[in-house]
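Please model the complete structure; the sequences and the hints are all you need to start from.
There are 2 protein chains.
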Amino acid sequence: MPKLPEILKREIKQSQLFKVEQLELRFSNGVERRYERLLGRVVGAVLIVAVRDDGQVLLIREYACGTHSYELALPKGRLEAGESILEGANRELMEETGFGARSLQEITSLTLAPGYMAHRTHVVLARDLYPKKLEGDEPEPIEVVPWSLEHLYSLSQREDCSEGRSLAALYLVRDLLQQEASNG
Amino acid sequence: MPKLPEILKREIKQSQLFKVEQLELRFSNGVERRYERLLGRVVGAVLIVAVRDDGQVLLIREYACGTHSYELALPKGRLEAGESILEGANRELMEETGFGARSLQEITSLTLAPGYMAHRTHVVLARDLYPKKLEGDEPEPIEVVPWSLEHLYSLSQREDCSEGRSLAALYLVRDLLQQEASNG
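Residue numbers (this note's numbering), protein chains in the order written: chain A, 1 to 184; chain B, 1 to 184.
Think of the hints as simulated: they come from the structure by calculation, not from any bench. All of these numbers come straight from a predicted model, not from anything done at the bench. All the pointers check out, no bait thrown in.
To give an idea of the interface, some chain B residues facing chain A are shown, with a C-beta separation under 7 Å as derived from the structure: (1) E6; (2) E11; (3) E21; (4) Q22; (5) L25; (6) V31; (7) P139; (8) G164; (9) Y171.
Pairs of lysine to aspartate or glutamate, EDC-like flavour, derived with a Cα cap of 16 Å: (10) K9/A - E24/B; (11) K3/A - E32/B; (12) K19/A - E11/B; (13) K9/A - E32/B.
What follows is a list of derived Cβ distance ranges for each label pair: (14) I7/B - G44/A: 17 to 25 Å; (15) E36/A - L134/B: 20 to 28 Å; (16) Q179/B - V31/A: 37 to 45 Å; (17) V31/A - L134/B: 12 to 20 Å; (18) R26/B - Y130/A: 33 to 41 Å; (19) G82/B - E11/A: 28 to 36 Å; (20) R10/A - G30/B: 15 to 23 Å; (21) E180/A - E80/B: 41 to 49 Å; (22) E135/A - G184/B: 50 to 58 Å; (23) H68/B - R78/A: 19 to 27 Å; (24) E11/A - V145/B: 40 to 48 Å; (25) E36/B - G82/A: 23 to 31 Å; (26) K3/A - G82/B: 32 to 40 Å.
Glycine included, every Cβ here is placed at the ideal spot set by N, Cα and C.
What follows is the structure, encoded as structure tokens:
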């Protein structure tokens, strides 16, 4: 397991990344309530399920600041200006795993907590992989961990694998590949 | 489909619910970076997968302010002070679905976006249900929608079902129940 970064300084302050919007709402039954929601930077996010020919999926182990821990999850990132979802997915895949994909397909998009966040992540299935490394902006090298789709429950029971959207995306791809296989 | 609430007013302001913490980090290779993460109110959240005797799971349709839409997802809520995870899960289940559970079991906990959020949701499997309604603080009645665990992929393809942690929890319960069945 990698050594966690050292926290040099921490302070509460106005965010560069997040804004909070307060809304006053009137429901159709006349009840009025005040709600808060988080607005993020308005760019899409992508989550990539890259399946190798042997059926293993590429996970990455990366530092997660929110939990101050190393987390095992799917490669992901924010789209850059002018980039399509599939272009961004392939770029992030190359930066984070050292592989590109000849086949890319968006299978769904997921929210995190729609009750108070607008954030939406596009899930992209990547196949027909080939070695291709792009330099990203990561502060340290990322470890790539291949994982079998047959062992998702045991993955969910690991302390270092907790991200709901990654687990959902892995299960959805498992279902989709099983459907494809049974359709011949 | 219910009629969306009317937005009476919206403004960007300091949050009642969220704080942003800025951290300066030094990675083990010496690289220094600045990160931001969201701190929520420090109480746990619970997500309940309530399985009826006929194998259907109880989803709810509820207004989601983040996406300003009605979302189909698992019942969920915040723990109250002094409440255990299982107590809070049963209370939220009674408030949101009108059922209590004689059997409650935490199966895992999920993060939303560990890269920039510390938020963690405890996933509770609830079985042996009985009718029991508690009044919650919902602004309008919640619709309960039973859903078969056999049809999770089609659930994920609905526009009104997008929450990653709900889909992950449903798949994990499906796996767990299949394991139980095959172990006799």
